[in-house]
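Participant: So the sequence lines, in the order shown, correspond to chains R and B. Take the first sequence: its letters are residues 1 to 275, numbered as in the working numbering. Take the second sequence: its letters are residues 1 to 307, numbered as in the working numbering.
Possibly wrong hints are sitting among the right ones.
Claimed, not checked - Label-pair distances were calculated between CB atoms; the ranges are: (1) B/T2 with R/L198: 57 to 65 Å; (2) B/R55 with R/L60: 30 to 38 Å; (3) R/W247 with B/D67: 17 to 25 Å; (4) B/E121 with R/L198: 43 to 51 Å; (5) R/F259 with B/D67: 30 to 38 Å; (6) R/T28 with B/T218: 39 to 47 Å; (7) R/N223 with B/E6: 54 to 62 Å; (8) R/R19 with B/D203: 20 to 28 Å; (9) R/R19 with B/D167: 51 to 59 Å.
Stated by the list, open to error - Some chain B residues near chain R, calculated using beta-carbon distances under 7 Å: (10) L104; (11) R113; (12) P155.
Just so you know, the hints here were simulated from the structure itself, not pulled from any lab data. Where a beta carbon is used, it is the ideal one built from N, C-alpha and C, also for glycine.
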Amino acid sequence: MTVITAAGPAAPVRSDELRPRPRLGALTAEAVFIRRSLTHSLRDGEALLMAIMLPVMLMLLFTFVFGGALDPSGGYVDYVVPGIILLCAGFGASSTALYVARDMSSGVIDRFRTMPLHAGAVLTGHVVASVVRNLLATAVVIGVAVLVGFRPTADLAGWLGAIGMIALYILAITWLFAAIGLAAGSPDAASGYGFILLFLPYLSSAFVPVETLPEWLQWIAENQPVTPVIETIRSFLMGTPMEDSGWWALGWCLAIIAFAAWWGAWLFRRKAGRR
Amino acid sequence: MTTAIEVHGLGKRFGRQAVLDGLDLAVAEGSVFALLGPNGAGKTTTINILTTLVRPDSGTARVAGYDVTAEPDAVRARISLTGQQAAVDEVLSGRENLLMLGRLSGLDAKGARARAGELLERFDLVDAAKRPVKTYSGGMRRRLDLALSLVVPTPVLFLDEPTTGLDTRSRLELWAVIAEIAAAGATVFLTTQYLEEADRLADRIAVLDGGRLVAEGTAAELKARIGGDVVELRGPDDEVLAELPTDGTVHGLRAAVDELDRHAASAAPGAHVIVRRPSLDDVFLAITAAGHGRDRNPATDLIASKG
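In isolation and in its complexed conformation, chain R is listed as follows:
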């Protein structure tokens, strides 16, 4: 065969270099993909700006625009903070669906799947990055909330409990969005499907007490995951009665994670490599 001389210095491969890829250490792929997804988050300027701006805007909107009508005493900010946190977590996690769908529809996933590694680690990367992103957004919400009069009564244990609950909720909703990203045919469809989940906080005790809702809506509000999660966070931060909310919140989140992980794994096996 004629070797055509090309521009450039050395040959790309020497014959003594041909070899199988070495075996990867445990969790190496996960670490690489987490780093990749975090880099993606940092480079996606618009999404990052939205993730920070949206909580701030909502915080101000609910406190100063609706707050006066909902609670003339001015204490509404203490009521609404957990709701804003979950609303923003849902919004922030929804971009996971987009990132996952984008990966699945590009050739990059095929490259990972033809390497001796657990290609599902790509999803782990997106999920971990989303949790990190949303915990930062949560910190921003709480910071702004304190500036506009939020006065939580929690001690250290209360704070740890609240942060644990928030992190678990973010993890659950992120896994669900990751699975939605796998189920969607395209990145555009992925952002569409996910939208419906973002309405759940409105139909809960996030913004108004459940008792003020019409009866049929009360049933929905009391039997959906956001209400016990909100009540748990509220109880940790503001000292309201916990009752059985904590267990319900924990159960809902674990059930969502289990379902999303199972559904996601099934979709990943079925979808990957089929374009």
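Assemble the complex: chain R is given as a structure, and chain B must be docked to it using the hints.
Facilitator: Leaving out everything else, chain B in the frame of chain R:
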């Protein structure tokens, strides 16, 4: 001969459509093998099965000595795939893509950095190394894609239509690189719609049509199948005015020249005659037309798509 890729009776259906229908092939270690065929012939499905992306419905395939369905990870450790769609991360820079692949291929941070530097230089991507890949041109993307496949040079390299959609210059560059990889002793399995590409790069060529092989051999063997030389009458701008196949004998050649005498354009100024070996185009037309004698002739689309 040691066999790098060995396929027996491979079958794959998608719904009611049989994409592969009893495919058999063998690729010698260290050789370049081209799977040639029109769109929809089953080329990508073959690559997807050999690279463990898709499971076959029937038949067996062994790559680098391991069964693709029974020991996929052993196969994956020994192959690289450059697919039709550039498998690059658009958000990351070229260097970051190479570093990521290095870590995923088991190199340590230092080794990954060194290898990324070498490949950026070799693939002429040093200036673009820090830019996100979404700003790259088609040719640069393909070069990066191939570089990613060489981060740890594996014994077997799969290239699915490596130059489709590239301009001539980028295509020539990629051909040069593929030839160098082959010269280093890697087994290269490529699919292509371009007869010229197969002719130029491959030691052996197999023609795939309708999910089965319709011909296999070296470029010379395939050309020999349709007989002797072709006499062409060309105009002043080297355009082909007439094309006459011969049976390779002196008598046949004389008959063809006599035939040209009767061609009005042969007397025009600047007209000249060329005797050439049959091209793979001729072969392809002959094989696929003889194969099923039906109206739809994939070779026609194929030649048309050569642009």
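Participant: Next, verify each hint and record whether it holds.
Facilitator: The hints, checked one at a time:
For the hinted restraint 57 to 65 Å between B/T2 and R/L198, the CB-CB distance of approximately 58 Å keeps it satisfied. At about 55 Å, the CB distance of B/R55 to R/L60 disagrees with the hint of 30 to 38 Å. R/W247 and B/D67 have their C-beta atoms about 50 Å apart, which leaves the hinted 17 to 25 Å range violated. A C-beta distance of roughly 48 Å is found between B/E121 and R/L198, which places it inside the suggested range of 43 to 51 Å.
The beta-carbon spacing between R/F259 and B/D67, approximately 35 Å, falls within the hinted interval of 30 to 38 Å. For R/T28 paired with B/T218, a C-beta distance near 43 Å keeps the hint of 39 to 47 Å intact. Between R/N223 and B/E6 the Cβ separation comes to about 59 Å, which falls inside the hinted range of 54 to 62 Å. Range check, R/R19 to B/D203: about 22 Å between beta-carbon atoms, so the 20 to 28 Å window is met.
For the hinted restraint 51 to 59 Å between R/R19 and B/D167, the CB-CB distance of approximately 34 Å leaves it violated. Look at B/L104: its Cβ gets to within about 6 Å of chain R, closer than 7 Å, so that hint holds up. Residue-level restraint check for B/R113 is violated (minimum Cβ-Cβ distance to chain R is 14 Å; threshold 7 Å). With its C-beta approaching chain R no nearer than about 5 Å, B/P155 sits inside the 7 Å limit, and its interface hint holds.
Taken one by one, the earlier hints fail for this structure at numbers 2, 3, 9, 11, listed in ascending order.
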